[in-house]
Amino acid sequence: MTRRAILILFLLAALFVLAGTSAAHAQEAVHRAGLVIRFPNGDVQKVCVSFGEASITGEQLLQRSGLTMIIDYNAGLGGAVCSINNQGCAFPVQDCFCQCQGTQCEYWAYYHWIDGAWQYSQVGASSYQVTDGALEGWSWGLGSFGASGTQPPQVAFQDVCAAPATATSTATPTATATATLVPTATPSPTATIPQSQPSPEVSFMADTTDLVAGSCTVLRWVTWGADHVTLDGMSVADQGQSEVCPQATQRYVLVAANSAGQVAQDVLLTVQPSEDEPPLPNLNLTVTVVPTRTATPTRPPTVTPQPSPIPSLPAVTPTVSAAGPQPAVQPQVAQPSPPSPRAPGNKAAAQVQERPTASSADMGAARALALAPTLLAPATSTPRPRRPLGGDGRATPTPILLARIEPTSAVSAPITDLAGSDTPVAGPDRGFHLALLPGYAAYLLIAAVLGAIGAWVVRRNGYR
Amino acid sequence: MDTAETFHPFAWTAWLAAAVLPALSTRNPLYLSLILLATAVVYAALGRRSPLAKSWGAFVRFGALLWLLSIPFTALTAHYGTLVLVTLPQSWPVIGGAITLESLLYGLTGGLALVALLLIFATFNVAVDQARLLRMTPGFIYGAGVVAGIAVAFVPQMVASWQAIREAQQVRGHKVRGVRDVLPLVMPLLVTALERAMQLAESMEARGFGGQVVVTDARQRTLNQLVLLLGLGALGAGFAGIGFWPERRVLAGLLLGAGAALLLWSFWDQGRRVRRTRYHRWAWARADRIVLAASLTALLIWAAAWLLSPLWLLYYPYPPYSPWPGFQPLLGAPTVLLAVPAVLLKPRA
Chain A
2 MTRRAILILF LLAALFVLAG TSAAHAQEAV HRAGLVIRFP NGDVQKVCVS
52 FGEASITGEQ LLQRSGLTMI IDYNAGLGGA VCSINNQGCA FPVQDCFCQC
102 QGTQCEYWAY YHWIDGAWQY SQVGASSYQV TDGALEGWSW GLGSFGASGT
152 QPPQVAFQDV CAAPATATST ATPTATATAT LVPTATPSPT ATIPQSQPSP
202 EVSFMADTTD LVAGSCTVLR WVTWGADHVT LDGMSVADQG QSEVCPQATQ
252 RYVLVAANSA GQVAQDVLLT VQPSEDEPPL PNLNLTVTVV PTRTATPTRP
302 PTVTPQPSPI PSLPAVTPTV SAAGPQPAVQ PQVAQPSPPS PRAPGNKAAA
352 QVQERPTASS ADMGAARALA LAPTLLAPAT STPRPRRPLG GDGRATPTPI
402 LLARIEPTSA VSAPITDLAG SDTPVAGPDR GFHLALLPGY AAYLLIAAVL
452 GAIGAWVVRR NGYR
Chain B
16 MDTAETFHPF AWTAWLAAAV LPALSTRNPL YLSLILLATA VVYAALGRRS
66 PLAKSWGAFV RFGALLWLLS IPFTALTAHY GTLVLVTLPQ SWPVIGGAIT
116 LESLLYGLTG GLALVALLLI FATFNVAVDQ ARLLRMTPGF IYGAGVVAGI
166 AVAFVPQMVA SWQAIREAQQ VRGHKVRGVR DVLPLVMPLL VTALERAMQL
216 AESMEARGFG GQVVVTDARQ RTLNQLVLLL GLGALGAGFA GIGFWPERRV
266 LAGLLLGAGA ALLLWSFWDQ GRRVRRTRYH RWAWARADRI VLAASLTALL
316 IWAAAWLLSP LWLLYYPYPP YSPWPGFQPL LGAPTVLLAV PAVLLKPRA
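In the order they appear, the protein sequences are chains A and B.
Counted from 1, the first sequence has number 87 at position 86 by the working numbering; the numbering is strictly sequential.
Counted from 1, the second sequence has number 21 at position 6 by the working numbering; the numbering is strictly sequential.
Source of the hints: derived by calculation from the structure; they are not laboratory data.
Cβ coordinates follow ideal geometry from the N, Cα and C atoms, glycine included.
Wrong hints could be hidden among the right ones.
[Claimed, not checked] One-sided and incomplete, this derived list gives chain A residues near chain B with beta-carbon spacing under 7 Å: (1) E54; (2) Q100; (3) R431; (4) L435; (5) L437; (6) V450; (7) I454.
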């Protein structure tokens with residue numbers, strides 16, 4: 002063996018050792034960062050993303066949020082975000098900055114939440130490092146330096162990523178992302194945040210907190226010393242009131258911010274289902290989820306969690322014991338989505354089996370598990386019909402307060418639509434289709450014709 | 016069957032346009048590979064017509080090398096996609112992260128378009144020599160045409176003389192073992208390049224290059240310059256208007272039209288005064304017309320598809336699109352027409 006070969010072997014060995022150590026290292030901690038996305042129609046979506054590494058790029062954060070997006074990689078190092086959840090520019094057909102031709106320049110602008118205000122990012126999402134506790138904003142609009150652009154709404158990190166879970170992790174997460182968890186979902190929607198000196202004060206309440214589906218109540222608030230006041234991401238006056246008619250149990254969050262910090266306070270409106278809907282099955286049940294998820298998720302949410310009463314495999318045993326008659330937060334199902342009315346719960350169940358820890362605000366998941374008995378039939382997430390790109394697909398109008406905690410592996414999770422909104426999800430039509438076959442046959446035929454001409458030409462010219 | 020040594024430069028230009036448009040407008044590997052195959056057939060039929068033509072083989076090899084280098088670059092830097100092949104540790108700068116099949120495919124198709132373009136231009140250069148192309152330039156920019164012709168021929172000439180020098184040194188028993196051994200190759204290359212430049216300058220001087228071609232008086236010249244300035248200004252204002260005032264389309268269109276008309280008039284007026292004689296007019300033979308018709312058909316089909324149904328040409332392996340390329344036989348079949356020159360060319364003995 003030559004010296005060079007030995008050197009190459011040594012380098013390869015060093016590479017693998019490095020890879021092994023750092024991969025093991027990456028599994029240790031769970032960091033979280035929030036994403037606030039303001040869509041062209043003003044809707045706001047909030048997603049909490051967890052990651053095992055010390056820091057990830059803003060682009061990775063977006064990718065792991067599970068949203069559908071199109072990123073243009075033509076510009077060399079780093080990608081440009083063209084579309085999020087099919088809102089924006091349908092890149093290879095349109096230009097990535099299709100609304101930025103001339104003076105009017107609207108695009109997906111990138112912001113960081115720094116010192117209580119949104120700041121326009123000075124670098125691209127591929128170059129920016131997101132660390133634990135960061136809050137990142139994406140806003141469709143006139144992004145620019147300073148305050149003149151269209152900024153994402155003012156939110157607190159606690160709105161996006163709820164307080165750390167009191168989950169007791171019973172199993173060590175392994176590299177294959179078959180993490181097992183016992184998320185004890187304790188409803189603790191504590192509103193106040195530790196404050197520094199002259200931070201704003203908030204009083205926020207509802208006339209009634211127990212509602213029957215279809216009825217309404219009035220939210221009232223007064224704030225002192227706040228510069229910005231937002232109710233569920235919408236900017237509101239310093240004091241005021243608003244009538245709300247939630248269809249399902251929902252939490253409303255009021256955030257008052259000034260230069261010293263911000264205070265969030267929430268009101269939980271518990272909605273009892275009307276009599277035609279069966280009451281939720283009792284909680285405190287044990288469901289065994291056998292995830293069929295592998296390290297390389299090829300298709301989005303075709304994974305089927307199969308709840309069975311017998312723990313068949315020792316892989317995953319999330320025991321959810323949710324106290325209280327009602328989950329605190331749940332995805333709002335304002336417009337029932339086309340596939341089935343069970344879809345939200347179904348999806349949330351799909352969410353659970355890939356989540357190593359569940360946080361306290363993660364009650365949607367608890368509710369999903371509570372719904373599990375109704376899902377005993379093979380629960381395949383029905384893929385939604387894809388919308389034409391660049392269309393007017395509406396994003397969810399709901400504040401999403403579900404913490405999405407993914408396995409700490411670097412594998413990007415399959416796309417799961419948490420919110421129960423009817424945003425289209427990249428369906429499984431990325432795979433091979435039989436409809437492609439006639440085209441491929443024609444291709445082979447044309448290639449054969451060209452090859453025959455080439456062979457004839459070469460023979461006639463008398464090469465060789 | 017009629018065969019020809021080569022075809023009319025216009026026919027070849029149409030062939031070039033028909034081959035280049037798909038290579039520029041799609042990244043679909045299926046169409047690109049068909050274009051590549053058709054071009055390779057034509058390239059093989061042309062053979063090595065001249066020492067200058069021989070040098071294009073080096074270009075194609077260089078393109079292939081670039082392609083091979085670009086694939087790992089894209090694969091290692093774009094960590095996007097769902098079909099993860101292998102995951103590198105996140106702690107590694109730039110390349111750390113998931114290496115996906117999508118990014119590999121993207122690098123592959125991008126490089127394929129590059130190689131196809133190189134091969135197309137190599138074929139065109141072998142087929143049409145610069146002197147014939149030069150004759151196609153309009154009279155009034157003859158000077159610019161000559162300069163462009165020299166510039167285009169520069170690198171192939173260098174490659175050709177490099178090969179000749181290397182062969183000559185090999186005959187003398189010269190072998191390249193290290194950096195020192197390159198010197199006997201580089202020095203003659205520099206000397207020949209300088210000599211060729213001097214020779215070219217002398218021959219151009221002898222033919223009266225740079226003399227007064229356009230017979231004008233001062234008034235006409237000023238008018239022409241003014242019209243040229245106005246035309247360019249109107250064109251610039253029109254393009255700016257499209258970008259900055261998208262609602263005033265009519266004004267921008269008028270400006271663009273006026274600018275183009277002024278420029279065309281200025282060119283026509285200048286060209287009118289240039290009297291050039293042609294030593295040899297190219298007669299259109301039947302084979303020339305067949306090549307022209309076939310190339311224009313392919314060009315029109317592709318241009319129509321490009322304008323009417325851009326989704327057919329779309330290929331972007333990253334989500335949310337599919338990594339499987341689609342194929343429309345209607346769009347793929349015209350590539351056979353690009354191989355027509357190969358059939359009609361006279362075989363080399």
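Each hint tested on the structure:
no., hint, verdict
1, E54, "5 Å, holds"
2, Q100, "11 Å, violated"
3, R431, "5 Å, holds"
4, L435, "11 Å, violated"
5, L437, "6 Å, holds"
6, V450, "6 Å, holds"
7, I454, "5 Å, holds"
Of the numbered hints listed earlier, those contradicted by the structure are 2, 4.
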